[in-house]
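Listed in order, the protein sequences are those of chains A and B.
According to numbering that gives the first Met the number 0, the first sequence is numbered sequentially starting from 0.
According to numbering that gives the first Met the number 0, the second sequence is numbered sequentially starting from 0.
Treat the hints as calculated values from the structure; they're not laboratory data.
Any given hint could be a false lead.
[To be verified] Straight-line C-alpha distance at most 20 Å; calculated SDA-like pairs for lysine to any residue:
id	chain 1	residue 1	chain 2	residue 2
1	B	LYS72	B	SER44
2	A	LYS261	B	LEU15
3	A	LYS153	B	GLN59
4	A	LYS194	B	SER44
5	B	LYS57	A	ILE186
6	B	LYS1	A	ASP187
7	B	LYS61	A	SER191
8	A	LYS194	B	MET35
9	B	LYS57	A	LYS261
10	B	LYS18	A	ILE145
11	B	LYS12	A	VAL60
12	B	LYS57	A	THR245
13	A	LYS194	B	LEU14
[To be verified] Pulled from the structure, derived: some chain B residues nowhere near chain A, Cβ distances all over 10 Å:
id	residue
14	LYS1
15	GLN2
16	LEU29
17	LEU43
18	LEU48
19	VAL50
20	THR55
21	GLU65
22	ASP69
23	ASP73
Each residue gets a CB set at the ideal place from its N, CA and C atoms; glycine is no exception.
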Amino acid sequence: MSRIIVITSGKGGVGKTTVTANLGRALSRIGQRVVVLDVDLGLNNLDVVLGIENKVVYDLVDVIEGRCRIKQALIQDTAEQGLFILPSCHSYDKSRITAQNIRSVVASLSMSHDYVLIDCPAGIETGFHRAVAASNEALVVITPHISSIRDADKVIALLATYDMLNVGIIVNRARGDLMLSSEMIDIDDIISVLKKCPVGVIPEDDCLNIYNNMRADSGKASESALAFEVLAANLHNGQNDIFDVTQRYKGIFGKLKRNLRKMV
Amino acid sequence: MKQSEATVQRLHKVLLGDKIAHPTRVAAVLKSDIFMLISDYMELSKDALKVNLEITTKGQYKLTIEAVSDRVKDLGTI
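So here's chain A without its partners, still in its complex pose:
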């Protein structure tokens, strides 16, 4: 049975789209058939993050309004053959798309894929409802900052009113060096505040930006790629391994790295 997971956050700019794209690739790498669906109507960027923006012919709205079949709108990822993308349109009257429309598209996609990942828009308005109502699991992306954790707490409470099988959190943009020097809220603090153990911890990684700008997949080249592998394994196998973002900053050389990073 297919797993339908919404990637949400409440707060904008925490990396929902980046997490959706990279988690999709990581799941595909372990042999899963994955489709990522951009429900962020109007402010969609999943196609750009995955570097397929110039391949888009049809989008989600075309599928809903019957101008094409789902298969015609799906775009295969350039890096992973098992990953498909259903992009969204950039300008459209959002009020014409209902939660039921999204639900029926997701139901069709779930028949031919192991995972349907839904990229949710920021906020807790209609767009949030459209994305969440079509899913049966949720991953709340947070960054180790007060505003993000506060919004996540609200979103988790809101998700409790939906019929979700599972609600997990992903800590994104974690800085191991700052966590070690107690200058950033660490993972244990997040667990104690939100009363939830994260499904994944993704380090702040410049490589993600660089590879994104180059329209390339970071593959296994970066620290964040390893973290996404751990996240995918946790999600797929029900494990609870936490990627240690502080590891590379421990020891004598680690301390040196920490000091060098502060100087930059």
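Given chain A's structure and the hints, the job is docking chain B onto it.
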């Protein structure tokens, strides 16, 4: 005090503030639902039912329900 500890304390205060804003409305809705449920079993006036929702210093909700009734309904008719 370490900077992260101060941040976590601030976060706790913010979340506590958010939670305190909720209970009045939640308690009113809860009271109405609980009243309907208990009225099936007991003769009860709305004033005799007290539903109190508090926030503990740890940020947990503490729900207290107190009801005083003169008569329990005949279970055979339920």
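Verification of the hints:
| no. | hint | in the structure |
| --- | --- | --- |
| 1 | B/LYS72 to B/SER44 | holds (14 Å) |
| 2 | A/LYS261 to B/LEU15 | violated (33 Å) |
| 3 | A/LYS153 to B/GLN59 | holds (15 Å) |
| 4 | A/LYS194 to B/SER44 | violated (38 Å) |
| 5 | B/LYS57 to A/ILE186 | holds (19 Å) |
| 6 | B/LYS1 to A/ASP187 | holds (15 Å) |
| 7 | B/LYS61 to A/SER191 | holds (19 Å) |
| 8 | A/LYS194 to B/MET35 | violated (33 Å) |
| 9 | B/LYS57 to A/LYS261 | violated (35 Å) |
| 10 | B/LYS18 to A/ILE145 | holds (15 Å) |
| 11 | B/LYS12 to A/VAL60 | violated (43 Å) |
| 12 | B/LYS57 to A/THR245 | violated (28 Å) |
| 13 | A/LYS194 to B/LEU14 | holds (13 Å) |
| 14 | LYS1 | violated (4 Å) |
| 15 | GLN2 | violated (5 Å) |
| 16 | LEU29 | holds (15 Å) |
| 17 | LEU43 | holds (28 Å) |
| 18 | LEU48 | holds (25 Å) |
| 19 | VAL50 | holds (20 Å) |
| 20 | THR55 | holds (14 Å) |
| 21 | GLU65 | holds (26 Å) |
| 22 | ASP69 | holds (37 Å) |
| 23 | ASP73 | holds (37 Å) |
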